[in-house]
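Let the hints inform the model, and build the full structure from the sequences given.
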Amino acid sequence: EDQVTQSPEALRLQEGESSSLNCSYTVSGLRGLFWYRQDPGKGPEFLFTLYSAGEEKEKERLKATLTKKESFLHITAPKPEDSATYLCAVLSFNGQNFVFGPGTRLSVLP
Amino acid sequence: DTEVTQTPKHLVMGMTNKKSLKCEQHMGHRAMYWYKQKAKKPPELMFVYSYEKLSINESVPSRFSPECPNSSLLNLHLHALQPEDSALYLCASSQDRDGGYTFGSGTRLTVV
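For the protein sequence lines, the chains are A and B, in the order given. Residue 42 in my numbering is what sits at position 42 of the first sequence, and the numbering runs on without skipping anything. Residue 16 in my numbering is what sits at position 16 of the second sequence, and the numbering runs on without skipping anything.
Hints were generated in silico from the structure; no laboratory data involved. Please note that a few of the clues may not be correct.
Stated by the list, open to error - Below are the DSSO-like pairs computed for lysine-lysine, each with C-alpha atoms no more than 27 Å apart in a straight line:
id: 1; chain 1: B; residue 1: Lys19; chain 2: B; residue 2: Lys41
id: 2; chain 1: B; residue 1: Lys22; chain 2: A; residue 2: Lys42
id: 3; chain 1: A; residue 1: Lys59; chain 2: B; residue 2: Lys40
id: 4; chain 1: B; residue 1: Lys41; chain 2: A; residue 2: Lys69
id: 5; chain 1: B; residue 1: Lys41; chain 2: A; residue 2: Lys63
id: 6; chain 1: B; residue 1: Lys40; chain 2: A; residue 2: Lys42
id: 7; chain 1: A; residue 1: Lys79; chain 2: A; residue 2: Lys63
id: 8; chain 1: B; residue 1: Lys18; chain 2: A; residue 2: Lys42
id: 9; chain 1: A; residue 1: Lys68; chain 2: A; residue 2: Lys57
id: 10; chain 1: B; residue 1: Lys40; chain 2: A; residue 2: Lys63
id: 11; chain 1: B; residue 1: Lys38; chain 2: A; residue 2: Lys42
id: 12; chain 1: A; residue 1: Lys79; chain 2: B; residue 2: Lys41
id: 13; chain 1: A; residue 1: Lys68; chain 2: B; residue 2: Lys41
Written as structure tokens, this is what we have:
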């Protein structure tokens, strides 16, 4: 069974304090790993798709990396507007749909 | 148009009511999804439509009834819901089953 865990559950940062979020996964053949950002009461907003170990993608202050067992979302010099829940999801070759992790709630304080 | 539009944004209904949630996308995506999300939890898959045919029903109670009238529209018909069905209902679409999903903003449903 495909499984996804995320850590930490919650993270509070000061503005400008860089950090990383972790997504660990167990799948029977990874088809893709996806990062989403979700604001309260809103739908998840797509950030990145990673397909193979060693792949990296960047968007503004965010950088996502992938290994064979985990993915990191690095946040450089975060701003208060980066506060949100960050969801990781995996899609395996055997599975039919996304398996979401529980998410990391990020708060960036001014 | 790169959006998934859901209506209504908020819905309050009694346990004897019948209501429908609507979802629309014009990106030409051929897979559409309904998810249910409770507070501080990740989205849970309810239904998948692929090429307008129901392909997955994740053991959802029959008081939830999906419908896909055409490739751009997805409905979720609600009847005799329970208070524990109160949640954020999310619609999503994707070009194919391998791609990233585009989510709508959701319908906040409250059952009283």
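For the pair we were handed, lysine 18 of chain B and lysine 42 of chain A, check the Cα-Cα distance against 27 Å.
-> Cα-Cα ~24 Å, so holds.
Do the alpha carbons of lysine 68 of chain A and lysine 57 of chain A lie within 27 Å of each other, as the hint requires?
-> Holds, at roughly 16 Å.
Has the given pair, lysine 19 of chain B with lysine 41 of chain B, been kept, meaning a C-alpha gap of at most 27 Å?
-> This hinted pair holds, its Cα atoms lying about 25 Å apart.
Would the pair lysine 38 of chain B and lysine 42 of chain A pass a check requiring their Cα atoms to be no farther apart than 27 Å?
-> holds (12 Å)
Distance restraint between lysine 41 of chain B and lysine 63 of chain A, which requires alpha-carbon spacing of 27 Å or less = holds (24 Å)
Restraint status (C-alpha distance of lysine 59 of chain A to lysine 40 of chain B at most 27 Å) = With Cα atoms ~25 Å apart, lysine 59 of chain A and lysine 40 of chain B stay inside 27 Å; holds.
Hey, lysine 22 of chain B versus lysine 42 of chain A, does the alpha-carbon distance stay inside 27 Å?
-> holds (16 Å)
Given pair status - lysine 63 of chain A, lysine 40 of chain B, alpha carbons within 27 Å = Status holds; Cα separation ~24 Å.
Restraint check for lysine 40 of chain B with lysine 42 of chain A, where alpha carbons must lie at most 27 Å apart | Status holds; Cα separation ~12 Å.
Within a Cα-Cα threshold of 27 Å, do lysine 79 of chain A and lysine 63 of chain A meet the stated pairing?
-> Measuring from Cα to Cα gives roughly 15 Å; hence the hint holds.
Satisfaction of hint between lysine 69 of chain A and lysine 41 of chain B, Cα-Cα up to 27 Å | Judged against 27 Å, a Cα distance of about 23 Å means the pair holds.
Mind checking the alpha carbons of lysine 79 of chain A and lysine 41 of chain B for me, to see if they're no more than 27 Å apart?
-> Answer holds: lysine 79 of chain A to lysine 41 of chain B is near 24 Å, not above 27 Å.
Taken one by one, the earlier hints all hold for this structure without exception.
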